[in-house]
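So the protein lines, in turn, are chains Z and H. Counting in full-length UniProt numbering, the first sequence runs from 1 upward without gaps. Counting in full-length UniProt numbering, the second sequence runs from 1 upward without gaps.
Where hints are given, some of them may not hold.
Said to hold, decoys possible - Listed below are the simulated EDC-like cross-link pairs for lysine to aspartate or glutamate, each with C-alpha atoms no more than 20 Å apart in a straight line:
#: 1; chain 1: H; residue 1: K457; chain 2: H; residue 2: E312
#: 2; chain 1: H; residue 1: K583; chain 2: H; residue 2: E559
#: 3; chain 1: H; residue 1: K17; chain 2: Z; residue 2: E150
#: 4; chain 1: Z; residue 1: K187; chain 2: H; residue 2: D419
#: 5; chain 1: Z; residue 1: K59; chain 2: H; residue 2: D610
#: 6; chain 1: Z; residue 1: K185; chain 2: H; residue 2: D419
#: 7; chain 1: H; residue 1: K17; chain 2: Z; residue 2: E277
#: 8; chain 1: Z; residue 1: K92; chain 2: H; residue 2: D293
#: 9; chain 1: H; residue 1: K17; chain 2: Z; residue 2: D12
As the list claims (entries may be wrong) - Some but not every residue of chain Z turned toward chain H, in silico, with C-beta under 7 Å:
#: 10; residue: D14
#: 11; residue: H28
#: 12; residue: P175
#: 13; residue: K187
#: 14; residue: A272
#: 15; residue: S274
#: 16; residue: T276
Keep in mind that the hints were calculated from the coordinates and are not lab data. Ideal Cβ positions, reconstructed from N, Cα and C, are used throughout, including at glycine.
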Amino acid sequence: MAHTAANTPDIDPDTLTHLQRLEAESIHIMREVVAEAENPVMLYSIGKDSAVMLHLAMKAFYPAVPPFPLLHVDTTWKFRAMYQFRDEMAKKLGMDLIVHINEDGVAKGINPFTHGSAIHTDIMKTEGLKQALDKYGFDVAFGGARRDEEKSRAKERIFSFRTAQHRWDPKNQRPELWNLYNARKHKGESIRVFPISNWTELDIWQYIYLQNIPIVPLYFSAPRPVVERDGTLIMVDDDRMPLRAGEVPQMRNVRFRTLGCYPLTGAVESNASSLTEIIQEMLLTKTSERQGRVIDHDSAGSMEKKKQEGYF
Amino acid sequence: MAHVSDLIAQDIGAYLKQHEHKSLLRFITCGSVDDGKSTLIGRLLYESKMLFEDQLAALEADSKKVGTQGGDLDFALLVDGLAAEREQGITIDVAYRFFSTDRRKFIVADTPGHEQYTRNMVTGASTADLAIILVDARHGVQTQTRRHSYLVSLIGIKRVVVAINKMDLVGHSEATYQRILDDYRAFAAQLGLEDIVAIPMSALRGDNITAPSEQMGWYHGPTLMGYLETVEVDQKRRLQGPFRLPVQWVNRPNLDFRGFAGTIASGVIEPGAPVRVQPSGRTSTVKRIVTADGDLPRAIAGQSVTLVLEDEVDISRGDVISHKDAPAEVADQFEATLVWMQDEPMMPGRAYLLKTATRTVTATVTEIRHKVNVNTLEHLAAKQLALNEIAQVKLSLDRPIAFDPYESVRETGGFILIDRLSNATIGAGMLRFALRRSHNIHMQHVDVDKAARGAMKGQKPCVLWFTGLSGAGKSTLANQIEKRLSAQGRHTYLLDGDNVRHGLNKDLGFTEADRVENIRRVAEVAKLMVDAGLIVLTAFISPFRAERRMARSLMEDGEFIEIFVDTPIAVTEERDPKGLYKKARRGEIKNFTGIDSPYEAPENAEIRIDTSDRSIDQCVDELMLRLRERGVLLAD
């Protein structure tokens, strides 16, 4: 696409752009963790924020491969396209990928349809994450949360301290001054680190666009089989989805603004099939990003509660 | 997002190109809910069109339900209220908020303004390029305004916007605005805050936020958003500094590559530049600046890079790579400013971990020189520091580190203290300068120092700095005090206009620049005399706070005694011992203090005395008493 801006500001080599500053900050944070942690890991959720995190990690440690593995806590209900993309990326980048599934949850047959989003997320995601961290002894885990996502995250630290029970204690977080991060902890305690805390949704998309970062094709519009359920368009991604009476999957041009478990992720009708069109649509759209996520709607302040319980 | 420009719809490529080059401005808002801080931030979010329709709908609904604006949009609801935070049991804290306009992206650090949240404000300010200090137009400059300004200056923020809010409640009065601005400037000068812009506004009504106010045609300055979008970002200043790269991590993917990864804290670097590794002092040359996007021909402060050097130099995390000819200082003893951030008090003598840039060492506070009352800036003696208290301290480290004074390079001069047992971050501070002691004691050390010279004279050297209007009685009092001191066997010297203007400063006239230089020389001479062990008395009008502050800064703590001879102008003009007031009134003398040139009265003078209702002897008695009370006339 030709960039023919009429009023492009002059490029000043002595001023970093906002994205350059954000990128440098994220890289700085990742390097601090690698220097101070004993056994760090990067949580990889396959979404666009994870894609940016992975890209930043490749930059931070270049020419070395990032000196930590990727961890995907798999609820077993992700879109098929996500699994495919995940495996391709790990192979392409030469990084170790650990996939952890809460086998207790699987044995109990936990799924979003019969147990609802709250229980499903709690057992498969929150519990699964704790299991994985304990199993591998990870002391620092990178996550892709951003402060602009939700009110309760506006105050989240970049280094978020968790007790040995993985609990987030809002009263016991450390002051963060300048770019000096305190990564010290006792045995058993852990830290969640959010290198892209200061990025906004637009920053993420713009960076993906400028850096040509690969993302899951589900972000782009395509004809997909969907049913409308409780006002949300749900994609019928495999035959595990029980259809209600009268529900017939219809092919519609849809895409996803956020990605998660397919039964919990609402699609939006859209014809945006390129990055620029996605960004254009996002800028002109009238609803905020997390509206598509079913878990936020369960109860008021639900994110706050989930965080205290150990959800990212 | 509702109503964005048509550019997005018509030419998204052009829009993205434009936004690609946006710069970033980080700022902090200081003020309390009562000043309209939440309303201001909410208004900025609203005006920058950063709200989605679902958020707007929620705002409209909430405004009707719980708003305080009678059903009108209550912007304060967009940011968490303190009450809600308390209910949720969350520590009242720093919240970061984001918005952007066509020209810039902004990150706002939003912190509560009360004294018990000093810690949070310092935290929020540490990453800010600029501070907005809110003042309620109805109340003017308050104690908390002073506290916020002090903290802002402490953390080294150069640019301040004084947001004079709620102008709608004072009838949009220009006189009110001007009075508040004058008050503020007078105070800010003491703090060395110079880049001040004061904007009269109503965050609630939207006056002077993005569009010039129709109600305040008398104001011709920028709107708040206009200023935030165009003010030069502080980052540029960091490029002027000496090159510093604190090494974060040594990158050794294979035997052929050894790179030193870090974020450039200051200055600019190019391949071929000679560098010095500190604290070891070894030198080499930059071979490559490696990034995943290819080697760079030049890198600047703020960039995260990996340096490859020409020589095999032993470098590890915590070392600082500096320009060879402009290296950082290396020391293990410092004077520093410390902000205490935990409930358990700080005790001198205890060992803590200190992290500065990428190095962590063990540190002990050996002495609290004084703590600072954050409301009055008064210096107070202290044996320990409580939560949110700020002090000037001496620090001793277990090994030497490379550093810069915080004023020069934030990243290599700022530090945090960590509790060795709990691992909590318990304090933060700024390294001011190295104390040359310990391993340096054999180098360039003067064995006969000020204390020794003072002790020989049986006194503690100091400056008694008399300031006041012409005819207030400065010279008379100084002269009498010197006589008394001399009679007690003290070694003194009186500097006044006559003995200085006729010699040292006979090349100086009475222009403003010359007056400033006159005081500067007097202060420097006084400093030398104090160093020689004398009690120095100076008697100059010294009308400007900035100069008196400069003189004070030259002396050690406790050495500078400002004596404000506070005789009202009605009395001094009546006395008019040299007939100068009459001449000034006739216009024969220009820039006469008190007539057509201001006298900036001291706000925190150690001693204040009014000579209008007492005899000279009574005044001298009183002064001697006050000096004895302060202990300045006793030998240690």
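Hint by hint, here is what the structure shows:
no. : hint            : result
1   : H:K457 - H:E312 : violated (57 Å)
2   : H:K583 - H:E559 : violated (37 Å)
3   : H:K17 - Z:E150  : violated (28 Å)
4   : Z:K187 - H:D419 : holds (16 Å)
5   : Z:K59 - H:D610  : violated (68 Å)
6   : Z:K185 - H:D419 : holds (11 Å)
7   : H:K17 - Z:E277  : holds (14 Å)
8   : Z:K92 - H:D293  : holds (18 Å)
9   : H:K17 - Z:D12   : holds (14 Å)
10  : D14             : holds (6 Å)
11  : H28             : holds (5 Å)
12  : P175            : holds (5 Å)
13  : K187            : violated (11 Å)
14  : A272            : violated (10 Å)
15  : S274            : violated (9 Å)
16  : T276            : holds (5 Å)
Consistency with the previously given hints fails for numbers 1, 2, 3, 5, 13, 14 and 15, ordered from lowest to highest.
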